[in-house]
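For the sequence shown, my numbering assigns the number 19 to the initial residue and increments by one for each residue that follows.
Some hints could be false.
[What the hints assert, rightly or not] No more than 25 Å apart at the CA atoms, straight line, and that leaves these computed lysine-lysine pairs for DSS-like: (1) Lys68 - Lys27; (2) Lys41 - Lys27; (3) Lys27 - Lys67; (4) Lys119 - Lys91; (5) Lys91 - Lys68; (6) Lys54 - Lys41; (7) Lys91 - Lys62; (8) Lys41 - Lys60.
Calculated directly from the structure, the hints in this document are not laboratory data.
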Amino acid sequence: MVPIEEIPKHEILAEEIAELRNKIKNTAYDLEHGFKGNNMVKQKLETHKKMLVEKEQLLSFIIKDKDKIKEIKETEERITEKNATGISEEQQEILEEEIEKEFL
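Using the sequences plus the hints, can you model the full thing?
Set out below in structure tokens:
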């Protein structure tokens, strides 16, 4: 069993989203069949729907952020490959200055 700290955030959110969808389905069924017109059950359903939307937005943000991190790593790898091609120290300094200017 993996400790909770080691589980990626996007996996935890995906599990929470699945649980919320199940709760929404069950609450909607209860509202239709058992508790018709019960305001507390309606509020519970609306709360679960809002939470679902928020968690889905957070998950999409995390996934986009993950893609951005991947893009940065690829850029770093390309720069490292350029450095490995055997450029002079002067060229390396110029390259580092250009990188600093672009990111600052």
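* **Holds or violated: lysine 91 to lysine 68, with C-alpha atoms at most 25 Å apart** => violated (35 Å)
* To do: Compare the distance between the alpha carbons of lysine 54 and lysine 41 with 25 Å, and conclude whether the hinted pair is satisfied.
  => holds (17 Å)
* Asked: If you draw a straight line from the CA of lysine 41 to the CA of lysine 60, is it 25 Å or shorter?
  -> holds (13 Å)
* **Given hint lysine 62 paired with lysine 91 - CA-CA distance at most 25 Å** => Since the Cα atoms of lysine 91 and lysine 62 sit roughly 43 Å apart, the hinted pair is violated (cutoff 25 Å).
* To do: Would you mind confirming whether the straight-line C-alpha gap from lysine 68 to lysine 27 stays at or under 25 Å?
  => holds (20 Å)
* Asked: When you check the alpha-carbon spacing of lysine 27 and lysine 67, does it fall within 25 Å?
  -> Between lysine 27 and lysine 67 the Cα gap is close to 21 Å, so the pair holds against 25 Å.
* Between lysine 41 and lysine 27, is the straight-line Cα distance small enough, at 25 Å or below? -> holds (21 Å)
* With a cut-off of 25 Å on the C-alpha distance, tell me whether lysine 119 and lysine 91 pass. => holds (18 Å)
Taken one by one, the earlier hints fail for this structure at numbers 5 and 7, listed in ascending order.
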